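**Q** Protein chains in written order, with the working numbering: chain A, 57 to 257; chain B, 2 to 194.
Calculated directly from the structure, the hints in this document are not laboratory data.
Note that the structure is a prediction, hence the values are computed from the model and not measured.
So the derived label-pair ranges between C-beta atoms look like this:
1. B/Ala-68 x A/Ala-141: 35 to 41 Å
2. B/Gly-135 x A/Arg-247: 18 to 24 Å
3. A/Ala-99 x B/Asp-5: 52 to 58 Å
4. B/Arg-99 x A/Lys-249: 17 to 23 Å
5. B/Asp-159 x A/Leu-64: 51 to 57 Å
6. B/Ala-162 x A/Leu-64: 50 to 56 Å
7. A/Ile-110 x B/Pro-96: 44 to 50 Å
Residues of chain B placed beyond 12 Å of chain A at every Cβ, according to the derived structure:
8. Ser-50
9. Ser-154
10. His-185
Ideal Cβ placement from N, Cα and C applies to all residues, glycine included.
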Amino acid sequence: MSHTNRALNRILLALAGLVLLAAGAATAAAGMLPDVAGGWAAAGSSLMDQAGTILASAPLPGPARSWWAVAGVAVLVLAAGLSIAWLASQGGGRTSRVGQESDGGRGTTVVETGLVSAAVKQALDGNRQVLGASVSAWETRGDTGLRLRLQARQGASPREIADTADELVQGIDALLGHPLPVLVRITSGTRTKVAGPQRAR
Amino acid sequence: MSQDRAIRRLVRRETHASRATESILTAGVLAAVFLWLALETVLALLQESPLLASPERLGRWLAGVPANTLPAGLVAAGAGLAVLGLVLLAAATTPGRRSRHAMQSGRSAVVVDHEVIASAVSRRARLTAGLAPGQVTTTVGQRAVRVQVRPTSGVSVDRNAIGAAVEGELAAYSLDRRIAPTIHIMREGVLGQ
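For reference, chain A alone in the conformation it holds in the complex (with noise of 0.2 Å):
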């Protein structure tokens, strides 16, 4: 449920890859064929001559000598500040705040994950198909969205869990008193292999 940007990501990825392809095919075609080995040497010192005639046309006083490299510095700056962008937009998007309603100037009232959390925790006491439960609240479009992990025990119906979890967002739905989205997860985890198995009651 986090805010990580999917489709972003996948035409960053897609664009890094192509690029990366090309570099690859084009290294590849010079080691196999000659001509094109000679047009990128022939390339790369023609290209070596234009910058320097390019950073010499627009003299700077100073140690930098040229606005070009000036130019050349920040646009590099700035790619590496689009780098860091993209890393920084990964997940995100969690609250503690399940609610949060302002009475006319008047106070405020906040709604904690924890208030949640503790009542499935104690609707849950005693069931013996989930072993645990964990709540998290994250912003989704305009609106908070609940979290509802739920630890299934070694061979119990994801049927019957389903129930109990559709039992628990009416209880939910009841005690905030306005439906949220909810998502319910049914895992495995560690304590699924530690528990072992129900035995026939």
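Starting from the structure of chain A, add chain B where the hints point.
**A** Leaving out everything else, chain B in the frame of chain A:
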């Protein structure tokens, strides 16, 4: 209607990979390379000694790569780069399904791990055939369930009964896509259970 769409979105995001790991790795490498190049350029402008190579030396080296490297080395390096590119392209274009299934539910989005389904199916098959724990192993895939039964030596198991029980169990989950079970009964049994 919008509730429905919200739930479908939740389910989709939970059952498909976000590609965050690949993105973090790529973005980290890109940021490091750009920062290093910027630093080298600044050092060259200030006429300080470079960290690894000055931009000018780097450019000369890059232009001279085909002349200074063995052709086989070039081909190998190119193939390595291309494979890395293909890996990133695959990450960008494949759906990246996780081993989870969605269950139909009226109110909320319910997603269940393959492991949980496998363990419940194993238990159902085991109880139907009257076997001990560990005699049934189940593997759940995106479209198929494989139930492997290891009978007790000398006692035959009823394949049809196990098949019907597994079908019924899977039908009860009302998963978002139908997964077909195959029952595989091993020829070798286990001793004395």
